[in-house]
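Visitor: Here's the letter readout for the chains.
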Amino acid sequence: MKITVCVLFVVLLTACKSAPNTTLYQQLNGHEGIERLTDSFINQIGNDDKVLAYFRDANVAHFRNGFINHLCALTDGPCEYTGDSMVAIHTGMNITEADFNRVVDLLISAMEEQNISHTIQNKILAKMAPLRPEIIRI
Amino acid sequence: MNWHNTFFALLIVFYSLDSFAGQGKLLGTPGVSQVEGSAGGGLVPWAQLAGYASDEEFAVNGFCSRADVSDYSLDVCGAQVNVLDRVELSYAQQRFEVPALNTTIEQSITAAKVRLYGDIVYSSWPQLSLGAQHKSLDDGTVATLVGAQETSGTDIYLAASKLHLGALAGYNVFWNLTTRYSDANQLGLLGFGGENASKELLFEGSTAIFLSREIALGVEYRQKSNNLGLGEQNWQDIFVAWMPNKYVSITAAWLDLGSIAGAKDQTGWYLSVTGYW
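Going down the list, the protein sequences come from chains A and B.
As numbered in my numbering, the first sequence has no gaps in its residue numbers, which increase by one up to the final residue, 284.
As numbered in my numbering, the second sequence has no gaps in its residue numbers, which increase by one up to the final residue, 380.
Rather than coming from a laboratory, the hints here were simulated on the basis of the structure.
Careful: at least some of the hints might be erroneous.
To be verified - Within a straight-line C-alpha distance of at most 27 Å, the following computed BS3-like cross-link-like pairs (lysine-lysine) qualify: (1) Lys273(A) / Lys196(A); (2) Lys302(B) / Lys327(B); (3) Lys302(B) / Lys196(A); (4) Lys273(A) / Lys349(B); (5) Lys327(B) / Lys367(B); (6) Lys302(B) / Lys367(B).
The structure displayed is predicted, hence computed values, not measured ones.
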């Protein structure tokens with residue numbers, strides 16, 4: 147028992163990143179995969195009244211292009227994000243912590259819908275999570 | 104009003120106020136309920152506050168747990184309130200059965216936890232919380248008999264928790280470290296302190312891997328003091344927690360609690376259910 151616990155502790159605490167020889171962008175099936183994921187995400191937002199309220203003045207086509215471009219750049223794809231800064235986009239929206247997580251839940255649902263594996267989902271979330279201070283409560 | 108009435112009254116009040124309940128955290132991130140009633144794993148209180156409330160929400164949770172080891176069993180039921188993800192207040196009632204002596208020892212635990220810093224998912228440093236658990240035995244006869252100095256006591260602890268997204272081959276990894284200042288004997292069930300024994304710093308740790316959004320597999324370790332000279336040993340467990348949605352979680356564990364009151368090798372099962380409103 148003691149040994150099992152120790153071994154598990156060591157394995158879990160020495161969480162190392164396996165060196166991927168493909169980018170996250172490639173694991174998402176490139177541009178096509180990112181477009182499909184973005185469309186699922188937009189669909190999820192469209193079905194959620196609470197989150198949709200934040201998009202009342204948004205141009206869907208503009209959001210779609212911006213999100214695809216941003217996701218491509220974040221997943222180490224052959225893109226450079228050229229859209230507005232996260233701060234500029236979200237200033238004045240006063241997004242709460244709870245609604246931010248609600249959007250994360252919608253993104254997870256979209257990734258599920260696209261049959262993206264659990265581990266790739268987490269890697270995408272890990273890329274996006276650091277953006278949170280530039281998005282909420284501004 | 105006794106404890107059960109209070110508990111059910113709370114359940115009814117908050118069940119009827121469904122919209123009141125916070126849902127603002129990500130699935131699984133509040134942890135479950137530990138044996139002293141605080142949000143945590145099974146044995147260790149964690150830095151997370153109980154329930155799914157975010158900084159503008161409230162949450163109320165109820166739980167019951169049962170630990171069944173070689174010579175004893177422990178039943179715990181309790182409830183927690185989360186206020187704006189800043190303060191957690193909890194109450195738990197423990198029933199410790201000693202079949203060999205045909206005795207039941209009961210203890211109530213009133214506790215509070217304050218989040219000092221951070222968010223286990225989003226802040227760059229771990230979430231940090233400070234907590235206190237005040238424990239009081241209903242009847243201190245057994246505790247006094249085995250040499251405890253007091254029949255009530257207060258533990259103070261500092262906990263740090265972090266969830267690392269996709270950190271282990273894409274799986275989310277969680278860890279928590281807690282340091283507790285305590286003189287409790289076997290959670291306080293055998294009283295507090297002993298001859299020539301005073302409060303000391305004890306270390307507790309947990310780590311888990313999320314195999315999916317709903318299932319976490321982990322281990323815990325809890326250091327114990329040996330104030331009574333009865334060979335009290337450190338506790339450990341391996342657990343699996345299932346969080347199918349933001350309303351319920353079920354935790355099962357295999358416990359190794361070492362020697363309890365002279366009875367060696369206390370191993371056995373643990374099962375716990377928490378409901379979130």
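Visitor: Are the hints correct? Go through all of them and say.
Guide: So, going through the hints one by one against the coordinates:
{"no.": "1", "hint": "Lys273(A) / Lys196(A)", "result": "25 Å, holds"}
{"no.": "2", "hint": "Lys302(B) / Lys327(B)", "result": "11 Å, holds"}
{"no.": "3", "hint": "Lys302(B) / Lys196(A)", "result": "50 Å, violated"}
{"no.": "4", "hint": "Lys273(A) / Lys349(B)", "result": "25 Å, holds"}
{"no.": "5", "hint": "Lys327(B) / Lys367(B)", "result": "15 Å, holds"}
{"no.": "6", "hint": "Lys302(B) / Lys367(B)", "result": "24 Å, holds"}
Hint 3 from the earlier list is the only one contradicted by this structure; the remaining hints agree with it.
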